[in-house]
Each structure stands twice: as C-alpha cells, then as structure tokens.
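Student: Build the full structure now, drawing on both the sequences and the hints.
Taken in order, these protein sequences are the chains called A and B. Its first residue numbered 1, the first sequence is counted upward by one per residue in the UniProt record's numbering. Its first residue numbered 1, the second sequence is counted upward by one per residue in the UniProt record's numbering.
Please note that the accuracy of each hint is not assured.
Think about it this way: if two alpha-carbon atoms lie no more than 27 angstroms apart in a straight line, the pair counts; the simulated DSSO-like pairs of lysine-lysine are [unchecked claim]:
no.	chain 1	residue 1	chain 2	residue 2
1	A	Lys340	B	Lys311
2	A	Lys82	A	Lys340
3	A	Lys267	A	Lys55
4	A	Lys246	A	Lys267
5	B	Lys311	A	Lys82
6	A	Lys82	A	Lys242
Please keep in mind that the hints were generated in silico from the structure rather than gathered at the bench. Quick caveat: nothing in here was measured; it's all calculated off a predicted structure.
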Amino acid sequence: MRLEPIPNPTALRRFGLPAGALALTVLIASALALLAGANPFATLGLILKGAAGSKFALLETLNRATPLIFTGLAVAVAFRAKLWNIGAEAQLYGGAIVTVLLGTGALPLPSALLIPVIAVAAMLTGALILLGPVLMKTRLGVDEVVTTLLFNFIMLLFVSYLLEGPMKDPMGMGWPKSPALDKAARLPRIVEGLRLHWGFALAILSALAVWVIQTRTTLGYEIRAVGLNAEAARFAGIPVGKVMVKTALLSGGLAALAGFSEVAGLKGNLTLDLSPGFGYTGIIVAMLALLNPLGVVISAIFVAGVFVGADSMSRAAGVPTYIADILMATALLTMVLALKLTTTRIRWR
Amino acid sequence: MDLLDILLSATFWAAVIRIASPLIFATLGELICERAGVLNLGIEGIMVIGAFAGWMAVYLGTGLWVGVGVAMLAGMLFGLLHATLTVPFGLSQHVVGLGVTLLATATASFAYRLSLPEVTSPPKITPFQPWEIPVLSDIPLLGPALFSQTALTYLAFILVIVVSLILYRTPLGLALRAAGENPASVEAQGLSVTAIRMGAVIVGSGLMAIGGAFLTMSAFSSFFFEMVNGRGWICIALVVFGAWRPGKALLGALLFAGFDALQVRLQQTPMGAVVPYQVFLMVPYVLSILALILMSRRAEVPAALMVPFNKGER
Numbered sequence: 001m002r003l004e005p006i007p008n009p010t011a012l013r014r015f016g017l018p019a020g021a022l023a024l025t026v027l028i029a030s031a032l033a034l035l036a037g038a039n040p041f042a043t044l045g046l047i048l049k050g051a052a053g054s055k056f057a058l059l060e061t062l063n064r065a066t067p068l069i070f071t072g073l074a075v076a077v078a079f080r081a082k083l084w085n086i087g088a089e090a091q092l093y094g095g096a097i098v099t100v101l102l103g104t105g106a107l108p109l110p111s112a113l114l115i116p117v118i119a120v121a122a123m124l125t126g127a128l129i130l131l132g133p134v135l136m137k138t139r140l141g142v143d144e145v146v147t148t149l150l151f152n153f154i155m156l157l158f159v160s161y162l163l164e165g166p167m168k169d170p171m172g173m174g175w176p177k178s179p180a181l182d183k184a185a186r187l188p189r190i191v192e193g194l195r196l197h198w199g200f201a202l203a204i205l206s207a208l209a210v211w212v213i214q215t216r217t218t219l220g221y222e223i224r225a226v227g228l229n230a231e232a233a234r235f236a237g238i239p240v241g242k243v244m245v246k247t248a249l250l251s252g253g254l255a256a257l258a259g260f261s262e263v264a265g266l267k268g269n270l271t272l273d274l275s276p277g278f279g280y281t282g283i284i285v286a287m288l289a290l291l292n293p294l295g296v297v298i299s300a301i302f303v304a305g306v307f308v309g310a311d312s313m314s315r316a317a318g319v320p321t322y323i324a325d326i327l328m329a330t331a332l333l334t335m336v337l338a339l340k341l342t343t344t345r346i347r348w349r
Numbered sequence: 001m002d003l004l005d006i007l008l009s010a011t012f013w014a015a016v017i018r019i020a021s022p023l024i025f026a027t028l029g030e031l032i033c034e035r036a037g038v039l040n041l042g043i044e045g046i047m048v049i050g051a052f053a054g055w056m057a058v059y060l061g062t063g064l065w066v067g068v069g070v071a072m073l074a075g076m077l078f079g080l081l082h083a084t085l086t087v088p089f090g091l092s093q094h095v096v097g098l099g100v101t102l103l104a105t106a107t108a109s110f111a112y113r114l115s116l117p118e119v120t121s122p123p124k125i126t127p128f129q130p131w132e133i134p135v136l137s138d139i140p141l142l143g144p145a146l147f148s149q150t151a152l153t154y155l156a157f158i159l160v161i162v163v164s165l166i167l168y169r170t171p172l173g174l175a176l177r178a179a180g181e182n183p184a185s186v187e188a189q190g191l192s193v194t195a196i197r198m199g200a201v202i203v204g205s206g207l208m209a210i211g212g213a214f215l216t217m218s219a220f221s222s223f224f225f226e227m228v229n230g231r232g233w234i235c236i237a238l239v240v241f242g243a244w245r246p247g248k249a250l251l252g253a254l255l256f257a258g259f260d261a262l263q264v265r266l267q268q269t270p271m272g273a274v275v276p277y278q279v280f281l282m283v284p285y286v287l288s289i290l291a292l293i294l295m296s297r298r299a300e301v302p303a304a305l306m307v308p309f310n311k312g313e314r
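Tutor: So this is what it looks like as structure tokens:
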C-alpha cells in the first residue's frame, strides 16, 4: 500500500473521519464497560452526568479544565514549531514553587499588585526551565523529547526535597506540604459563592492571547514557518534558533501558569500530587484541538469532563476510573489517524 | 562504609548487573526500532504493560517462562499498533509514541484495578531465583556478581550478542540497517521497507516488554503503578549514548546501573546524612541528560530515523 495526497478533501472526509474517530473511541469505552461487568449505556450516561449533570459537576469540570487549558496551550504553541515540549509537568511545578515562594509573605504587596507579580514570576520560571532543553537542542542537537521528559522526574524529586526540607509547612503535622498562601496571594472566585476562580478566566484570556500571537504577529508566522519546514524557513531568512527559543519561552511560561493557577486559585498550597499528569494530558488536549489555541479551550473542557465524569461514574458503577485514561489515549491515536486520512488516501497495489 | 568498601563488595557488583538487566532488554528493543528508522516513544508504556502482563500471568497460575512470553506478546501487540500507525500511515512518531505510552500505561492500570478491585497492596508472586553457575560462581567478587543471577539476566547478556550478530552478520540485519539509513536502496533490492520496519518495531517492543517484566518477575515480586519510573526514557538516552550499537549500549547500561547502585549505597554513608536523598535519586536522570550532551557531537544517528517512507515518493 502507499499513500497519495488528496488536494481538495470533501466535507464528508473532513468531518466524517474525525467523527468516526470519536465514535470508535466511544465504542471502545463501551467494550471496556462491558468487560468490567457494567451496562455500557449506563456507564456512558454516568460519565456524562458526572461531568455536566449538575451545577456542581459543571463547575468541577471547568475547574479541572483550567490547568489543562494552560498545559494544552503550552503544548500547542510548542508543537506548532515542531518543538516537542513533553516537559509541561516540570514547568507546571516550577510555576507552583514560585507561587508558594512569593505568596507566603515574601512580598508585602496588596493583592492587586501581588497576584500579577507572582503570575509573571511563575511564567519566567517556567520559561527558564524549558530554556535548558531548547538550548541543548538548538546548540548541540540533543533531542528535546528525552531531555524534557527526564526533567519532569528531576523536578518532582526537587519538589519532594523542598516539601520535606526548606519549604515544609511547620504546622503540617509532618505531611510533606508547603505552608498555605497568604490571603492576598489567592485568586478570588469569579462569582462569590460559585466554586470557580479567576484562573479559569486567565486561561481563556491566555488562549485568546496565543491566538492573536499565532495569527496576527510576525512571531506567529515565523513559528508556523519553522514548524512546516525548518530548512525552508532558514533559507527564507528566519532565524530558526531564535524562533525556537521564543517559542520555548512562551510554551514554558504557559505551562507554569497552570501551576500558579492550581496553587493560587484552587489548592492554596503545594503538595507532591498537585498535578495528576496535567502536563502529559496537555498533549492530548492540544492534539484533539489540532493545535488551535481556541480549540484548546473546548478540548480541555471535554477532556476534563471525561476525567471528572469517570471519577463519579467509577464510584457509582464500579468501572475503574482509568477508563478515562484509556479513552483519552485512544481518542488521541484515532484522531491523528483520522486527520491523516482526510488529506491522504490509501492506494492498495 | 566508604566508597572503597562499596566498590569492593560483591553485593554492589551483583546489584549493578541486576539493575542493568531490564535496561539491556529495553535498550536493545529501542535500538532495533531506531536502527530500522522508527523512534519508539511507546517504550515507557510498553515496559509498564510488560511488567503487568508477565506478573499477572504468573499470579493467575502460569509458569514463569510462560509469563515472560505473555509479557512479550503484550508488548508486541502495542508494538503492532505503533508500527501500523507510524510505518504505513507515516504518522508523527513523537505523537504516536506518546499516545502508545499513555494507552499502554492506562491499560495496565485499568486491568490491574479490574482484576484486583479490593486489594490495597499488590499480591506477590514467586519470582525467578538466582541460578548459580557451578565453579564460576565461586570466583571471589566476580562470581557472585556475574554468575549468581537469575535466568533473565543471563538471557539479557546473551541477547546483546545475538542482536549484534543479527545486525552485522546476517542479510536480515543488513536490510534492517539499510531501512534506517537509506530505505530507497532496500526497495531497490526488492524488499519491503514497510515489512522490515514493522517487524523491527514489533520485535523491539517485545524486548521492551521483557525488560518491564524483569522488574516484576526477577527484581521485585509485585506490580506497582510507578515501578517503571522513567526507565524507558533512560533507555532512549542509552541508545544515543551507545551510538546505536548493541555492545556500546550494553556498556552504557552497565555504567548507568553502576551509578544507580552507587547512589543507593552512598545514601547509607555519612554523605547521605548531609545530602538530601532526593539528590541521590536524581542521579540517574541527570546522568542520562549528561550522556545525551556528551554524545551529541559524535552521534551516528541512522540517517532515515523518523523519516516516513512512502513507496514511489522521491
């Protein structure tokens, strides 16, 4: 067999194939539910209900979506330039560390000043964390996939050290956690009484900002050019190395905001389980959104809904909650295949 | 206990060989994939599924070697998925690899919870026992280290030789290396690049899964969610460090295992009382990054690594 490009794919092809990918994912979910001895329809219904069936469920989904929008954006920005940043997890924790460092009394500033200062400091930290692997890539040709992945493990150990050492909460009864943020450093709720904080709004704003950068600025154009064909971009006079570095700073900064928003908006302190793999899930979010920053918002809410829904379904129906992880990985793989098949056809001979 | 004591103890060298064993399997597996032109980032998840499947099979009552076979088959299945998506369809090897890692890890977690819903600590199996080779295992220092290991460890070392011989001494190895260097030349010989690459990824994934199974069936006797803990990513660094050659990769795995065994023991020394234990635990990951930097200048990357091949396209 060989693949042939299709110059002008039909609408059926462009929409039918991704829809088919989602249908296949749902089919696999049903099979897994059956395997676990549950009714597939009831299982899917429970997931849906747990994700969006009540005001509480919906707010929970939006809360869970917030860090995923940030990490999804981080991945989308980087992958667009074919910069494989798999280290959003490390950058997230970098942002979280700085948030605790500055938010526990180090800066005597009023809230309106303190929060932006912390956010910017968190972004800078995340950017710096990704700078290392990117310079290794542009200067030495070291593959950034492996280095960013390895950094995740180093970072988690570093956080563990901080939480058992210099950053340990003296009132924490021996638990490895940081002291709580001052009230001035906490992100307030958008509407009093509703459990949704300003981190969500910041995430939406970030998505808009990234969209503007990608579609309305020279940098956005350069990032796309580098991603499409680095050699051609170099030939056209685009400083590929510099564009890579700028992309990395943006990507790392966005991922760090996830840590900032989780600590300052939701948790109030830093623990080792701050992120249940938000950095890795961000890859799925970005790919399902076709690396489109506005799409990231939608796909993050969708992915968050599946995870939140699966949690509550698992309690009710007894199907292991890991069904959500299988679903998301399946959705990722079927979606990239569906997208390939919209622009190419298979010739058997 | 100081450094010299550590280096002169037989248990240290035995630990080096033990720690190196799963890395050798998985590094060989990755090396085979990459030599054929496919980067397999599914390695981390495939090691997890191998660790789970082998352990589960033995827990359900099969023999240890059948368990190894089950682990290998599970790995090959995910290898087939990876190969199908990346080779004939030419999808991004980065995205597919990460997707396969996520899928395999999630499958292992799901299957674990499904089969053992109530348990809080995973059940133990009787793992492979050390197999003392007569006479040789009586050599001081070297004997206990090299000749008092489990059968899987011996298999790992034998495989290094087998893979080297196949790669450099057989037509199959030549075709495989050519698929990773100059796929058009393989087609010109009338061979199928697609078949060679897919075969390499499937076989390589089987080896990765055995590496994972070593953890549950030889090193420990239970399955834990975080047990692979980045070993797959370290193996990818080892392939680069070994310049895509089995012998050098073995050397890298041993060197790496040496530092890993050393850091565990240094934690017990006066140094360990001063330096936080997390710093010791960082050593393997930091070393992997250093190895990548060191080898970056003289890397002999297969020329067609990560380049999809589409017949008839130039």
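Student: Against this structure, judge whether each hint is valid.
Tutor: Here is what the structure says about each hint:
{"no.": "1", "hint": "A:Lys340 x B:Lys311", "result": "17 angstroms, holds"}
{"no.": "2", "hint": "A:Lys82 x A:Lys340", "result": "17 angstroms, holds"}
{"no.": "3", "hint": "A:Lys267 x A:Lys55", "result": "20 angstroms, holds"}
{"no.": "4", "hint": "A:Lys246 x A:Lys267", "result": "31 angstroms, violated"}
{"no.": "5", "hint": "B:Lys311 x A:Lys82", "result": "25 angstroms, holds"}
{"no.": "6", "hint": "A:Lys82 x A:Lys242", "result": "14 angstroms, holds"}
Consistency with the previously given hints fails for number 4 only.
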